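Asks: Residue numbers (this note's numbering), protein chains in the order written: chain A, 1 to 328; chain B, 1 to 328; chain C, 1 to 326; chain D, 1 to 326.
Hints are not guaranteed to be accurate.
[As the list claims (entries may be wrong)] Short derived list, chain A residues pointing at chain B, Cβ under 8 Å:
| no. | residue |
| --- | --- |
| 1 | 88 |
| 2 | 177 |
| 3 | 269 |
| 4 | 289 |
| 5 | 327 |
Worth flagging that the hints you see were computed from the coordinates, not collected in a lab.
Here the structure is a predicted model, which is why all the values come from computation and not from measurement.
Beta carbons are placed, not taken as given, at the ideal position from N, Cα and C, and that holds for glycine.
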Amino acid sequence: MAEITLVEAIRQAMDEELAHDENVFIIGEDVGVRGGVFRATVGLFDKYGGDRVIDSPLAELTIVGVGVGAALYGKRPICEIQFADFIYPAFNQIVSEAAKMYYRSNGEWSVPMVIRAPYGGGIGGGLYHSQSVEAFFTHVPGLKVVIPSNPYDAKGLLKSAVRDPNPVMFFEPKKGYRLIKGDVPDDEEYTVPIGPAKVARKGSDLSLFAYGMMHHYALKAAQMVADEGIDVEVIDLRTLYPVDRETILSSIRKTSKALIVHEDNLTGGYGAEIAATIAEWSFMDLDAPVKRLGGPDVPAVPFSHPMQEWFMVNTDKIADAIRELASF
Amino acid sequence: MAEITLVEAIRQAMDEELAHDENVFIIGEDVGVRGGVFRATVGLFDKYGGDRVIDSPLAELTIVGVGVGAALYGKRPICEIQFADFIYPAFNQIVSEAAKMYYRSNGEWSVPMVIRAPYGGGIGGGLYHSQSVEAFFTHVPGLKVVIPSNPYDAKGLLKSAVRDPNPVMFFEPKKGYRLIKGDVPDDEEYTVPIGPAKVARKGSDLSLFAYGMMHHYALKAAQMVADEGIDVEVIDLRTLYPVDRETILSSIRKTSKALIVHEDNLTGGYGAEIAATIAEWSFMDLDAPVKRLGGPDVPAVPFSHPMQEWFMVNTDKIADAIRELASF
Amino acid sequence: MPLSKELKKEMFWMMLLSRRLDERAWVLHRQGKIAFHISGIGQEAAQVGAVYALNKGKDWLVPYYRDLAMMIAMGMTPTEFVMSLMGKAAEPTSGARQMPSHFSLRQANIVSHSAPVATQSPHASGIGLGIKLDGKDEVVLTTVGEGSTSQGEWYEAVNFAAIHTLPVVFIVENNQYAISVPQEKQMAVSNAADKACGLGLDGFQVDGTKVFEVYEAVERAVEKARNGGGATVIEAKMYRLTPHSSDDDDRSYRTREEVEEHKKRDPILLAREQLIEEGLMTEEEYQEWEEKAKAEVDRAVDEATKAPYPKPEDAAFPVYAEVKHG
Amino acid sequence: MPLSKELKKEMFWMMLLSRRLDERAWVLHRQGKIAFHISGIGQEAAQVGAVYALNKGKDWLVPYYRDLAMMIAMGMTPTEFVMSLMGKAAEPTSGARQMPSHFSLRQANIVSHSAPVATQSPHASGIGLGIKLDGKDEVVLTTVGEGSTSQGEWYEAVNFAAIHTLPVVFIVENNQYAISVPQEKQMAVSNAADKACGLGLDGFQVDGTKVFEVYEAVERAVEKARNGGGATVIEAKMYRLTPHSSDDDDRSYRTREEVEEHKKRDPILLAREQLIEEGLMTEEEYQEWEEKAKAEVDRAVDEATKAPYPKPEDAAFPVYAEVKHG
Ligand SMILES: Cc1ncc(C[n+]2csc(CCOP(=O)(O)OP(=O)(O)O)c2C)c(N)n1
Ligand SMILES: Cc1ncc(C[n+]2csc(CCOP(=O)(O)OP(=O)(O)O)c2C)c(N)n1
Ligand SMILES: [Mg+2]
Ligand SMILES: [Mg+2]
């Protein structure tokens, strides 16, 4: 085991997959000599060359559209979108093409590709370098949506994503790139399957669902209120789409209370689906309202520090929400 | 009063607004001499000329991006997207630009514009002429999202949309364009405010929330089960975003049961937000699970008739869901 | 490579068969037997000319919805096409999930396309990239309407192929309208081929009503691509002789005189004349072919009519490809 | 219109003030007083030259994030800029909602832009359309980096302006890199200006290190636009003398020698030499200006430092403009 950062785990996953399968290649802005603006591809250009690590033009539609074509040809592209906020020019290619190819061709054509993008706020990035975009994709059958919260999962899930025959959206909590560290086996290869959520902390009073950076905070908040006698079960959703209903509902059967947390805008966010799932399938198990905690409904995270803080969900806000719900 | 079709109501609204404010203009594909592929702009080119009714290049990004610029200049563009399925090339302009302009400039710049698009299936359009896209936009602060279900509302809401200082997404149930008829005053001008949902049918056993074509079916299904002694309150959501929480929650206080219907894919659809809202704020009023009925989670509506029928929500499926929930 | 007599005749046959099939689709629509048809009538020369420059089974095709004649020339059977018109389960493009004319044929390296225009263009560049990365001498040919070149998607696709010298031939089938909108509302250049100069690759215009001229131009571009010379834009100019689709009424935006004028340059007429002039085909032979085409189309309609519809619940799949473990 | 002595000196002053302000931003960043800076150093000639061709208060500007010198020349004060660097409430572009250098100045007809590149280009065309519809003789000028011309968004914007002969001047500030990516990975044409030929409008390249040459080229395009002659693409070629932003380290992708070589053609040096050579400015005058610039920048930092931050809850508004009834 070795303790590494989240971004290093992601780099390692790509390094191993480039070595493992010659059809794998990386395409994105500044992924080559620059090693990516977050250094997620550092060293890969030198190691694998310009044919495997391709600096694209400054055009996300190109990155994804060319990726789809290459995947149809039999390659396994890893497309990097520099910031999740810049994924919209590629929206048509993702939603109309990548997601629907397999179904529309009755299984004749598939698009094995990964689209990686750093997401999330709290890093002084303002409206256009802080966005959470997962909810736009957790509504699109044909896509898988993955958000890791720690290095072990990040590496294992990204390797699974590269090997998956379907298009996988892989969103990385950029604030955690260097902040979140964790152990990763350094002697054996492993993957983490796409699909199952993970009970990261067992508890009996309340189920707390989160992912990415917010899962990190959720664990801290659970720790915080544990001293106050509130026993929180914390679930790392990890694969957001398709939804792992079973893990979610079993937890509610045990705790009877649900709190869902994300940093994305509250209304129409991913939490709505989880809340709706619980309200329909676990209604008889519930003994309190299904509670959501999310970013406020303003267009995106503002730049100036005081306003950014106002926007961001954090450990304290989560702890408060836990207390409120637990005391219901 | 005169009985007119849904599409005629929309045409009249644009006609009146073009006459009412010289800053209003229409831009879109085939909106000129052709009068639109659904004939929603028929006659307007002849009446107002090519400067007010502009045939755009075949490029949705252009339609919306140029619309945003014109709105910044002080014009009031009505942008037509030929089918909602083709809105994705404009996604970046809508989500990054139109929606965020007012906030990001601290109120200095606003984007008064309407984006109209026919949506929905059941018309033999297959995967790419049948989509419901509202859920991508009901998550975007800064936008308003409107879906009318009948000619009176369509005309009144579209006129309000054109006069609104914010960007308004206006989705029209294309299957209802000629199918849905209704009375509209022909002697006096009126508008319908954007915001409030409408209790279209009072009832006490169960609250049924829908919009667009599905609202039309919802009313029929309510009628059907009325004979069986189930008294359904039917709410036409009309303005999907911002959400009219008050109308929704008051209805639940009365009926204690909620059924939400849309034709869009179930998971991550707009119904999730309504279900989540109810599960959080009306929990104590509920006596049954919050139920959603939506399209299945396949990429989009298939073409061939038997498969299309399998996909589409219809009056019978709604009636079944009502019966099931009412008997809980 | 100059075309042999046999090949020339074969090409004409493909055009003819495709035309009669296309016309039958209009009839089926009028008879209420199908719900929708989008036609390639008038564009057969460009389409057949283009794909005969490909090495079938080796090269790749990324077509658009008007490319019926391409599909027929590449091996899709008339029965398969009529099944797609009727939404029958066995149609090979999508198992009746897509509307008709949203083509795909896996075994012929013909990639599935969708309805939003120009989304296929970057796929062609991506396939070209795959070919280059694998060091193969395959070529991709892709098509689009002239109106669709207004999409940034087309520009980005060509730009990428030009930067990376990819083996892609971008054909623009310029039929002078995008539904009702004429070319001058789509672009300020006189010819779609002129767009190439702004993207740093060769661009040529060719008379899209002349099948053998199209063949020659595309053949040069294909061989250039195969030999590492990179991408080319070829505009084939012709005229859409029918309304945009069975949902369209073109009388609102163009005169009957204009349409009639262009019917004089119907590519089937022109090719037939040329073959007869060059002594490659006799009038009798032509009449036989007409009969044969009619028989093939009759049979296709017959077979397709008998073919079963999909089961409703077939629509539930296949959303995801299965993950293989190990 | 040839430039008067006064105007030439004023232009130089704007360049100088902007440069010293920009340099101070780097210092503030090193001091940990601000979190982020994106620099216009090396691009001042292109920027000042371009906006002096506009009729201030009448024409429109749709800038991008490197256009600090444009903003200063158009009337944004150094204090306002430093407030935006520091995220202070009173900064006029966004009330500190946006990152610094995401410009906007309502009273000067300078439109708010965002971070996703090239999204502003269609806005310029839309403003141009508004001008044309209203029959005004205003002009819009918009800027973008050369890398950003790879976006379909830019292509579509220029295409629309070309089709409709709109009064728009599209400037491409070609500083030879998009973060780390050099021009040859963005386009297959030799010059960004060449893209114009594929779009059916005039395109010119100008030496972006020479402020008066830029002025002359842009002035011609502006007057053409004003007189109904339509849009122009102008590529101003220069070099990005700093890393992409304060988050960047450019040593991974370019040599120090390359950067030093380009510093010899620093537009401030070139303009200063020219003014002195032409006898429009003395060395003493220049020194005075340096002091004056330093003083202005000092004062800006001072004022901005004292200015208050926004209140956290200010972030809740304004999401929607208020609907007026009646
Ligand atoms: C993105 C998108 N927008 C709109 C449409 C609707 N539409 C279908 S075909 C067409 C016109 C296409 O014109 P052109 O590219 O010239 O091809 P043609 O049909 O003339 O062969 C339009 C607007 C579409 N399919 N996709
Ligand atoms: C759509 C989008 N993708 C990626 C980025 C990240 N990014 C910011 S600036 C930049 C490079 C821009 O290069 P260029 O257009 O040449 O302008 P320059 O910065 O050199 O002035 C990139 C990739 C972005 N802002 N927007
Ligand atoms: Mg056309
Ligand atoms: Mg640059």
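Asks: Each of the hints needs a verdict: does it hold here or not?
Replies: Hint-by-hint comparison with the structure:
For residue 88(A), the shortest C-beta to C-beta distance to chain B is roughly 4 Å, which falls under 8 Å, so the interface hint holds. Contact between residue 177(A) and chain B, as hinted, is not supported at the beta carbon level, the nearest pair being about 23 Å apart and thus beyond 8 Å. Below 8 Å, beta-carbon pairs count as interface contacts, and residue 269(A) has one with chain B at about 6 Å; its hint therefore holds. Because the smallest distance between the Cβ of residue 289(A) and any Cβ of chain B comes to about 4 Å, under 8 Å, the interface hint for this residue holds.
A distance limit of 8 Å between C-beta atoms decides the matter here; for residue 327(A) the minimum to chain B is near 15 Å, and the interface restraint is violated.
The structure shown violates the earlier hints numbered 2, 5.
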